[in-house]
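Top line first, the protein sequences correspond to chains A and B.
The opening residue of the first sequence carries number 1155 in our numbering; numbering runs sequentially from there.
The opening residue of the second sequence carries number 13 in our numbering; numbering runs sequentially from there.
None of these hints come from the bench; they were simulated from the model.
Treat the hints with caution; some may be incorrect.
To spell it out: a stretch of chain A is covered by chain B in this simulated footprint if at least three of its residues, at any positions, have a beta carbon under 8 Å from a beta carbon of chain B; those stretches are [to be verified]:
(1) 1251-1261
(2) 1469-1480
Here are some of the chain A residues that sit facing chain B, going by a computed Cβ distance under 8 Å [unchecked claim]:
(3) W1188
(4) Q1227
(5) M1228
(6) Q1229
(7) Q1231
(8) L1235
(9) R1239
(10) R1304
(11) F1391
(12) I1398
(13) V1402
(14) R1505
(15) A1532
(16) Q1536
Positions of the beta carbon are idealized from the N, C-alpha and C atoms, including for glycine.
In case you want the letters, here they are:
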Amino acid sequence: MNLNISTKKIHKAVLSLLFCSMSYLFAQQNLISWEVADPQLNRKFIEMYLNKLIENDKFEQNSIQASDVIMVQMQQQGDKLTLKRLRAKNYDSGEYRRFMMDQVQKLGPDILNTIMDRKYKWAEINRRDLSALETYSNIDNILNERSFKRARDGFWWTTSQVEVSTNQSVYIRSKSTNQAFRLETGISDLGLHRQFFGNTILGLSNDISSTYFIVPRTLNADKTIVQPLDGTFGIGFKFDTHSIGGQVNYMDSGNKFKTGRVVDEEHVVLPSASGLVYWSNTFAINNFVDLSNISFLKRLNRNISGAERTDEAFGSLRLKVGLSFTEFIHAKLKPGTKDTKEGRDLEITDRLNKVDEALGFFVRSELVTDNKKIKAYAQANQSFNGFSSMSLGAEYSIKVLKLGFEVVNIPKGSGLEFLESNSSENLWKWYPAGEEGGQIISPYISFHF
Amino acid sequence: MKIKSLVSSKIAFAFVFLFASADAQEVKSLDKRKFIAWTVDHMPYHILVEDAIIDYNTLNTLENPRIQKKKGVKKLPILKEMRADDLLIIVQQKKSTKNEIHEIWYGNGLNFDIIPREIVDWVLSQDIQEALIEKDQYLNSPSDVVFFESENQRLLASYSSRFSLWKQHNFLLSTEELYLRSNLLQYSANFAFGNTLVGLPGSLFGSTSMGVGTRNSEIGIRFPAPINLLSFKDLKDEKLLREYLGLYSKVTIDNMFSTGAAFHAQMGFSFFPRSSTIASDTTFFSRNDIDPKDRYVNIIDMYALFAATFEAPVKIPAISRVTFTPGLHYMKVAHRTKDKDDKLYNRTFYEYDYATKSYQRYGDGDKSSTKEFGLYGRVDLMTEIGVIPKFLQQYEFLDFITLSKVPLFELSLQHITNLNTITSLAVNINDNVSFSMTTYSGAEGGTVQGGWLPEKNLWLGVRYRSDF
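Only chain A is shown next, with the shape it has when bound in the complex (with noise of 0.2 Å):
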């Protein structure tokens, strides 16, 4: 009985629990807060308030100053609109005061209405300026999410207007026209890095998709690699929103190859045609961790244009996931003269593009200051065949100067196993940077301006 009772009010306490905080929830629906940034009717406000305390002797209980800021909330009930809370804000101290209401009153319906009508300079109030004014909010500011392009953009292209690096990549950006001139070397994103790959990518591009042209590179890779991959010339398009991304790549395998041209002539390993898909979000780096004491965060963070609206943000990190799909090919060069000059056939002896031979894993996080002075990344790429990377990477920028580096890290045991020619059924393994894998680290400067 006595177990009853108290479940049913356990039962009614809960209830009344949710109810208060659903009345409560809708109550907040309602309210509408703002700042006055209208400088002259924030002092002829306070001003007039103030004379109206002298007036009623009540100065002496006043805090407010003549350089202090009106934040305003207005509630709506039904079809009543109503002054709910006032509070006069100091960006000095940083300190809320409240308003006298009852002296408030009394400076007359003009000035009132004209706070409450809202036809002034206004402006946004954040998360700390909610709480003084006794509301809470759990949503992030909104406003925080344009870091999102400037996340992107430090990798999509250049924040600048032309960017020329030793990391054989080249931007010329046109700001009116939201175009851009790109040269880039590799297929980073598929895992398939400049360092390995002979391959430059030309092309033009807007804020949102960019479409190339492959041409073949000669490669003067590092020691660490073995067996690069060869280039050919082909196309390629890719896109890059907020939340999701991809790119489509296609090299000719049909092409003529010249002789001394290719890496290996029994062996040439070329990726002829890929895709690659992705999600992606962007998160303000200060909801993981307190960077704030952190002191030489603190230098960088100096001069941030709009810090005061984002607070504590320090930077932005962006994370991607995606599934690539990659088509090797193996394949020797036809008989020829040794002619450098003559254009010789492939002859292919064998593709990697069933599902379980072409699939792979591509993770990558992307980290920009936003003082725009760091940027950083790191990325996976797997594949069911076999084949993996990893990179990282950074970069500081100082005026028009930008220090970096790559390491490209190339697992053990990671490669693909083509069948070496169409007569037998011989395997052939391709390491590129041997069977023991292999790791380079590539240092680069960048000018920018």
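For this one, chain A is given, so just place chain B on it according to the hints.
Chain B in isolation, oriented as in the chain A frame:
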């Protein structure tokens, strides 16, 4: 009685017209030399402005008793609510010492509402304005909507080009494609049966493509499921393309380098298995017991199109727009023979010539693929939007045709050297439904050999467009 009903229907029509007219503000064009304008493609900012308009209306509506009490105060215009699929256009003065928003336009097609400079500060907070004016910091695209001198121009501009990846309506179903667009997510889903733009309508394309699109890009998968609807004449099924799974992508760059021309590119390819032995004559078929349907297998290894569309500066009576699209076209076809184990063999020939007693081959040696590299040309014409030519108005049986946002006729002529010529005529019977006829004629003596393309064909089509 008849007169009465006529009068009442006219009054009703007048009311409808009045309401329709009052739906949006009358907009005036701005001088392109003095202003720049762009659409906000970043949905969080779109939502901010939607909410700001709602708040502004709440503070200034007639339901607000405080406003009613104020005597002598002129009623403020209440802003029309902004919808999720409305275009949001920011206008800024080019040469102004103030870095501020001049006007905000929102709406679609002809129905645009304007927030003038005088009340921008009242509707939007300083923070939102700062964020919106910094166009380098979010996704946006240039907009010409505010610069058009007449409503007709604005209507024309909003009428999708054949190359547009972002259609005017968010739902389109036709005998060639199914297009669905989300108003909130800013993405679209597209299913296409055939690809007339690359010269391969219906099942000649050999696959059905399914992809996801943004305003100016699309990426997707090509499925080996060719669909041919309302097609007439022989498509040479025995030599028709066999497709494997593949990928495709399309890209559009509008107003390339401020020239007014739009750049379009698309490509697709197939993932087909390796081939071993070479089939160099028909004895191979009997020796290996090859099924007749698998003897002449043709696969689209890859296709690509690069083109630029621009409006021609020509004025033809009753024609509202003429666009030219020159470009480059490329296609590579792999020729194979398939055995009963689905194993592919390179096939170097396509026919036996009894006159010369020799095999027709794709090239010297053991070449088993065809590359076709051609020039691309396309002309699109459309009649005036919402206008039925006078010579047709006299026929009463055509009264069922009612147009306001579409042209009556759309005509196109497309030629790809060494491949084919395709002409198409579409007739819109109202703003949503149209019927079309597409004719195909293959190029004689072209580089695409092997008889896997028909000499002639005809497709009829139906298209339904609407908004959810």
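Now for the hints, and whether the structure bears them out:
1. Look at the segment 1251-1261 of chain A against chain B: 0 of its residues bring a Cβ nearer than 8 Å to a Cβ of that chain, fewer than three, so the hint is violated.
2. Three residues within the 8 Å Cβ limit are the bar, and the segment 1469-1480 of chain A against chain B gives 1, so the coverage statement is violated.
3. Proximity of A/W1188 to chain B holds as hinted, the smallest CB-CB distance being about 7 Å (cut-off 8 Å).
4. With its C-beta approaching chain B no nearer than about 12 Å, A/Q1227 sits outside the 8 Å limit, and its interface hint is violated.
5. The criterion of a C-beta within 8 Å of any C-beta in chain B is met by A/M1228, whose closest approach is roughly 7 Å, and the hint holds.
6. With a cut of 8 Å, the hint placing A/Q1229 at the interface with chain B is violated, because the nearest CB-to-CB distance is about 11 Å.
7. Below 8 Å, beta-carbon pairs count as interface contacts, and A/Q1231 has none with chain B, the closest being about 11 Å; its hint is therefore violated.
8. This hint holds: A/L1235 has a C-beta 5 Å from the nearest C-beta of chain B, less than the 8 Å allowed.
9. Interface hint status for A/R1239: violated, as the beta-carbon distance to the closest one in chain B is roughly 16 Å, over 8 Å.
10. Restraint check, A/R1304 versus chain B: the minimum CB separation of about 7 Å is within 8 Å; hint holds.
11. Interface hint status for A/F1391: upheld, as the beta-carbon distance to the closest one in chain B is roughly 4 Å, under 8 Å.
12. Satisfaction of the interface hint for A/I1398 is found here, the shortest Cβ-Cβ separation to chain B being roughly 7 Å, below the 8 Å cut-off.
13. Because the smallest distance between the Cβ of A/V1402 and any Cβ of chain B comes to about 4 Å, under 8 Å, the interface hint for this residue holds.
14. Contact between A/R1505 and chain B, as hinted, is supported at the beta carbon level, the nearest pair being about 4 Å apart and thus within 8 Å.
15. With 8 Å as the threshold, the beta carbon of A/A1532 stays out of range of chain B, its nearest partner Cβ sitting at about 25 Å, so the hint is violated.
16. Of the supplied interface hints, the one on A/Q1536 is violated, with its beta-carbon coming no nearer than about 20 Å to a beta-carbon of chain B, more than 8 Å.
Going through the hint list in order, the structure does not satisfy hints 1, 2, 4, 6, 7, 9, 15 and 16.
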